[in-house]
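*Asks:* The primary structure of each chain is shown beneath.
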Amino acid sequence: MFLSCENLTLKYSHNGLPVLDNLCFEITTPGLHALFGHSGAGKTSLARLLTGELPVSDKFSSGAIKIRNMKTLLYSYNTERLPGWSAISHHLDKITPASRKTQKDDLITLFGLEPYMDQPFNRLSLGQKNRINLVRYLVQDFDLLVMDESLANVDERMREKIILNIKTLYPDRLLLYISHNLIEVAKFCDQIIVLRAVTRQPQCIVVQGQNHRGYQPTAQLPERTMLELMNAA
Amino acid sequence: MFLSCENLTLKYSHNGLPVLDNLCFEITTPGLHALFGHSGAGKTSLARLLTGELPVSDKFSSGAIKIRNMKTLLYSYNTERLPGWSAISHHLDKITPASRKTQKDDLITLFGLEPYMDQPFNRLSLGQKNRINLVRYLVQDFDLLVMDESLANVDERMREKIILNIKTLYPDRLLLYISHNLIEVAKFCDQIIVLRAVTRQPQCIVVQGQNHRGYQPTAQLPERTMLELMNAA
Amino acid sequence: MLLRRIYQFLIIYCAGILLLFLLKYGLQLSDYVIPSPIELWQTGCAEFVRYFKDVADTLRVAVIGQIISVIFAFIVGIAGRKATWVGSIVKVAAYNVQAYPIVALAPIIFILLGDGFIARLLIASMICYFPILLSVIGIMSEPVVDIEHFYRCTGRLRWQLEVKIRAFENLNKLTTVISGSATLAMAGTIVAEFIAANAGIGYSIRIALYQSDLARILSALFVIGITLSVYQGLLEWAGALIKKGWET
Amino acid sequence: MLLRRIYQFLIIYCAGILLLFLLKYGLQLSDYVIPSPIELWQTGCAEFVRYFKDVADTLRVAVIGQIISVIFAFIVGIAGRKATWVGSIVKVAAYNVQAYPIVALAPIIFILLGDGFIARLLIASMICYFPILLSVIGIMSEPVVDIEHFYRCTGRLRWQLEVKIRAFENLNKLTTVISGSATLAMAGTIVAEFIAANAGIGYSIRIALYQSDLARILSALFVIGITLSVYQGLLEWAGALIKKGWET
Amino acid sequence: NAGEKLNYRLKWLFNASVVGDLYADVHHIFTDHGLDVQVKAGGPERDAIRELELGHAQFGVASADQVIRAMSKGAPVIVIAQLFQINALQWIYRDDQPPIKRLSDLKGRTIGITYGGNDETIMRTLLAKGGINQKEITLFSVRYDYTPFFQRKADIWPVYRNTQGVFLSAKLAKEDETLRFLDPHDFGVRFVANSVVTSEQMIAKHPQTVIKFKQALLQGWREALNPANQKKTLNTLKQFDKDTSETILTQQLAITRTLIQPSPDIKIGTIDTAAWKETEQIMQAQGLIKKPVNVEKALRNL
Ligand SMILES: Nc1ncnc2c1ncn2[C@@H]1O[C@H](COP(=O)(O)OP(=O)(O)OP(=O)(O)O)[C@@H](O)[C@H]1O
Ligand SMILES: Nc1ncnc2c1ncn2[C@@H]1O[C@H](COP(=O)(O)OP(=O)(O)OP(=O)(O)O)[C@@H](O)[C@H]1O
Ligand SMILES: [Mg+2]
Ligand SMILES: [Mg+2]
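Protein chains in written order, with my numbering: chain A, 77 to 309; chain B, 77 to 309; chain C, 14 to 261; chain D, 14 to 261; chain E, 10 to 311.
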């Protein structure tokens, strides 16, 4: 399992400033890693390049993305919607591979979605929408899953629970979590790729997170990591 | 300035469970207050009732909302969009009352949006979209503004800056902030209306926040408030 | 809703007739240019039942024609939604056929199909299908990214699903167009009868035209209008039901 | 794009002609039923220039007719988008007029407007406007909540803005329908000429029909098709430009 | 081959012009001849000669110009009877206008013609015969309805004498206006109208059927036009032409008689070879056919 960026550069127009400039990093271990940075830093853009949703090396982008031992790269984001013509349970059933039915049910319980499964998508609250969307990606075959603010509208307690569980359920996958929550990222993520303003070089710095693996009621805040992150960003 | 809910009850369908049940609270001071609670607790629903976007006392809702000394009640939410046919600066100019032009410019600088003003809305990053949307509400005449996760996709540093500035700029308005960020809510908000599971009575509890008014580098985490909030929710 | 449609039609029809009478008495036109109110009333009474039967007959063909049109428009619209070569040739074909006025195609149609029910149905459908097609192509060629993204990136977006998603997201527009196209199906069938048939209200109109009998034509228009208002009202009602059914 | 449209049209036209010839030689039909290739070629060559001028004349009317239709469809669509009483009566009126086949309305139109350019234009527009109207009504009656919310709750949503927002959000659908309706404008003008005029390709087709001259009709269809492909191609190109212009 | 289904495609809608055809059908004259005939209405977009070739019909009614055009393109069409001895296509004008006694009286008038129709051919022949330059008259394009004539935008308007001519006269009579007719026949222009046609193949393969058909059809016409059968005939017509009143139908029938059988010594259905040749000459003169077709080859007096 190996993911690296080499001198990745991206612009959105000919005369515009680049969004990503000469970006280099690599991730070699599975687990929950984070993509962190201020709003507009280019996290979404980078994630879409990594998963092939944006082309690398066309007229607006250059550099290389190297991927080894990974086949299915998925990108999920928080404003996705499910079709409206039937209950979310129906849509979920349709896209869950037979072998993952129990896993799906477990996730639904875990995510606190059980009472809402017979509702259509547009009747859910924002956080409920976030969660159901994430569930359907988690039951897919994937090697890399980018979660672009996938839990942005979920409350912190639920978020923590979800993150911890994902970590134990998918220890051998590469999860790339985009979030603006400093503590959460510092506490639970393994490597944290911090994207900085495009004018600074190197544009990204990798900070080691605390990578907590379970609920630790007495855990102190990961202050050192937080400080590092704040300085980096 | 006075806002109160009396025995507010809301269902979304005849045979469904109520979302709000016999809700009572009142806010009597201007400033930044919060609406807090787990995802699906009914924050959005309550906010829409308060601002008149959902009708009170029709077949699905009952109770009373009392509003005094406030005329314009606005509800803003994070997935709003600006029209796409011209740059955001253009749209902003059109909806800014003449007397607030400088205020608008100040807000834009403050919100870090200056470099993007000649972009159309759909070229912005998620957090940039959040911010520009909030700006246009802030330059309106309003007495009550609900900000429903309006900064959900903005990084924490920017968010803090924005919140602090809003507090100083609008000391005499009623701002109701919906957010899932525990620390932020505890630190900066005055009164925090905590919505709990609908099965618990009273469904809501009002917790006193720290109501910080400026950047305090040495400020401790508002741990007592956070604890209170966590216990309440 | 149904009732409202009917009395709205009556208002409009009366307004039209009134305009004609104003013109008649304003310009002092004789009864053979614009019939007198009495003549119109008498003709209307005398012919109502017969015309009503004719219109019923026409409506029957129109309904079938509309169903065919909708199916056809969806097939072509779905095939032509992609910017591929096949998609665009299907589109060009569909557009071109439409550009030929039916009167020019009629002889060819009759050569190919004889003059049965089928030829009439084909003409009616050809007139009706195009507006539906335009909407269907417009709707079908525009992705609903936020919904489709998941299915696309997990390789599950088969065309049926894509079509279903886009149709559902534009249900309102589609039902507007489909229920609106009822009028076109009716007009199409009347034209077909006008050209070819020996039954239906189109045939009666042809005879009235041939006899220069404006009173008859106006009576026929009245019966067509009222029938269509009812049909359209029913369609809208059905559309609302479907929407409700699909959305819950 | 333009070139592709043209050769796609050629492919389709040739396919159609081939089918007719297969039929001719398969059933051993005389030149009267289906003209021989030589006759078709000769007629085509002989008439091309004249038909081309006729088509140009028709196209001119069609273009004006289309513009009027678009404007009219927008006016009616915007007026009829609300579920108010006025909105729905406007809609009922617009729908009903459409249900009357143009042949039945033609005498009334001629009485009202004489049979000059205006009558022709009106008929062309009437045939063309309805499909645009259906789309416009569909699009205009569906709110774009996420964009309109701000303007609505700050009391700024005047109808012009509402219309602009909805039009922009459905720009693709609108341009599809508008550029597609070019074919209808053309067909409408031809029908009008067929009924009334003494110029234009519709008139030429009518003469060919009276004279049972399929070779002429096929030649006319060819010229119509090729002209329309070009016009349509240009419209699509313009549509793309507008979209680009509006979106940047 | 009695009982075999035969289709008979008329030229126009059911009205007084096809009364004999309808009569033969309703009063079982076809069946009495052992034929099972379905009489089908025509229309402007219909073409009996094409249907003969395609096998959609075995017999049909076509106008002489159609027959001649078809022949010029090699269609195997055969005329077995000529129904109208005098072409019903004539022009009307109001009697408050100067009467047209000579062709030169046409000068200065606005004349309606159907461009491409055979009224155009006939009118142009009349004009040529009268030595009238196109500049001396105004041509007005005729369409589906008569409004331009009603509104006096055109002075002279083409009609079918026995059908439109009758009810237009009646319509204007209500307003105290009277119509006069301009009959090209009076000026020596003979342009043959509707005739019964079949295909060469039919004659070759089923000559007996053709003969029987012709006999039955002409018997139908004779009986229909026989004043003794007037009531029966009118009832037959009324079945098919519901939109026309009995008075009008009676008048239409009377005039139809004079066009089908102008004098008792002409047998109904007689093919007027000379008139056909003249028709061909007219068409050639007008450039409607490029070379002679020798129309007499297609005329078959069985
Ligand atoms: N389609 C586009 N065209 C032009 N510029 C774009 C486009 N998409 C994004 N940008 C710009 O690129 C920069 C990076 O955007 P991106 O969405 O990657 O940021 P982000 O890190 O995901 O931000 P956020 O946390 O707010 O979502 C932003 O400044 C944005 O304005
Ligand atoms: N239109 C609707 N129809 C039916 N149920 C609804 C509808 N809108 C919301 N609900 C339900 O009402 C409850 C409260 O929803 P609401 O959107 O108010 O929650 P919220 O507190 O804003 O949550 P979040 O933080 O996730 O946005 C949820 O359980 C949701 O499923
Ligand atoms: Mg982003
Ligand atoms: Mg909410």
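Some clues are possibly wrong.
Subject to a maximum C-alpha distance of 25 Å in a straight line, what follows is the list of computed DSS-like cross-link-like pairs (lysine-lysine) [unchecked claim]:
| no. | chain 1 | residue 1 | chain 2 | residue 2 |
| --- | --- | --- | --- | --- |
| 1 | C | Lys66 | E | Lys247 |
| 2 | A | Lys147 | A | Lys170 |
| 3 | B | Lys170 | D | Lys177 |
| 4 | C | Lys37 | E | Lys247 |
| 5 | C | Lys257 | B | Lys135 |
| 6 | D | Lys95 | C | Lys256 |
| 7 | D | Lys37 | E | Lys299 |
| 8 | A | Lys135 | D | Lys257 |
| 9 | E | Lys276 | E | Lys138 |
| 10 | D | Lys37 | E | Lys300 |
| 11 | B | Lys170 | D | Lys256 |
| 12 | C | Lys66 | E | Lys49 |
| 13 | E | Lys14 | E | Lys214 |
| 14 | C | Lys256 | B | Lys87 |
| 15 | D | Lys95 | C | Lys257 |
| 16 | D | Lys177 | A | Lys87 |
| 17 | B | Lys135 | C | Lys256 |
| 18 | D | Lys177 | D | Lys95 |
| 19 | E | Lys299 | C | Lys37 |
| 20 | C | Lys95 | C | Lys177 |
| 21 | D | Lys256 | C | Lys95 |
| 22 | A | Lys170 | C | Lys66 |
| 23 | C | Lys256 | A | Lys170 |
| 24 | D | Lys257 | A | Lys87 |
| 25 | B | Lys87 | C | Lys257 |
| 26 | A | Lys135 | A | Lys180 |
| 27 | C | Lys37 | E | Lys162 |
| 28 | D | Lys37 | E | Lys214 |
| 29 | A | Lys135 | D | Lys37 |
| 30 | E | Lys286 | E | Lys276 |
| 31 | E | Lys251 | C | Lys66 |
| 32 | C | Lys257 | A | Lys170 |
| 33 | D | Lys257 | B | Lys170 |
| 34 | C | Lys95 | D | Lys257 |
No lab work stands behind these hints: they were computed from the structure.
*Asks:* Taking the earlier hints as the rules, which of them does this structure contradict?
*Replies:* 4, 9, 16, 19, 22, 26, 29
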